[in-house]
Amino acid sequence: MLIYLNGTYSKLNDSTLSPLDRGFLFGDGIYEVIRVVNGQLVLENEHLERMEEGLSGIGIDMDSSALAEIPEISRELIRKNELEENQAKVYIQVTRGAADPRTHTFPDPPVEPTLFLSAEPFVPHTKLHQTGVDVITVPDVRWLRCNLKTVNLLPNSLAKQRAKEAGVNSAIMIRDGVVTESPNANVFGVKDDTLYTYPATNYILNGITRQAVLGFADELGIPVVEQPIREEEMYRLDELFFTGTTTDIQPINKVDGRKIGTGKPGPVVRKIQGAYEELLHGG
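Just so we're aligned, residue 1 is where the sequence shown starts under the working numbering, counting upward by one.
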């Protein structure tokens, strides 16, 4: 794999990063993942706009010319890694940079941010989209700025590990008695043909796929209510599903061993899946 790091394209194993980089030491950085289908970056502008909002949110001042180069770097990585056919994903990460000495306060004077990009093949979880998945619930112990897509992912990683150890696909996070999201995706519920999802506040990441689903719902005439789903209400839903850039539209069959609706993917999620497939493939 060829990657891009601070102005240089190189093989992954030949690249080096300072151990004083604040992304490594403090998780002080922002990232994005963009889906690629036959060489086309899906919803690229939306991802890049959110990345800039994240950088602003944690106070990383990146030169506008460097930001403007990211689309071309992404396409060059797709070309160099021979990913112009089938599906792939581009990973973008910006950290505050490397500074000596290590201190909790920001470097003064500021240092050059670290820019890292990679591109690799991606295989959609097509079977899971058709069959649906089982999940568990876990407490949402993340910080209160979940709307920023930072590299601080330890709580998310621990939640996914708990799901793996429980023998299920993923987890649904519960904060103050309500569903927020999963470790790596947003959550939608369906009751009486109406979509329910947590509102776009600081408690969730306003996913790019989440935003697309809200658009699909409007086009399909599906009512949407942006309000939290209470944990006890979740088990009375007709349908439940995840949305995300690499998760796609993934139905949930059981939560903590309890069926959601019929325990199989329902008609509303199937409509949303169809609209999303059209988006991915340029329909």
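To be clear, the hints were calculated from the coordinates, so they are not data collected in a lab. It is possible that part of the hints are untrue.
[Claimed, not checked] Here are the simulated lysine-lysine pairs, PhoX-like style, with alpha carbons at most 25 angstroms apart:
1. K89 <-> K164
2. K254 <-> K164
3. K271 <-> K191
4. K191 <-> K80
Predicted model only: the values in this text are computed from it and were never measured.
To see whether the hints hold, each was checked on the structure:
no., hint, in the structure
1, K89 <-> K164, "holds (23 angstroms)"
2, K254 <-> K164, "holds (15 angstroms)"
3, K271 <-> K191, "holds (15 angstroms)"
4, K191 <-> K80, "violated (47 angstroms)"
Hint violations for this structure: number 4 only, all remaining hints satisfied.
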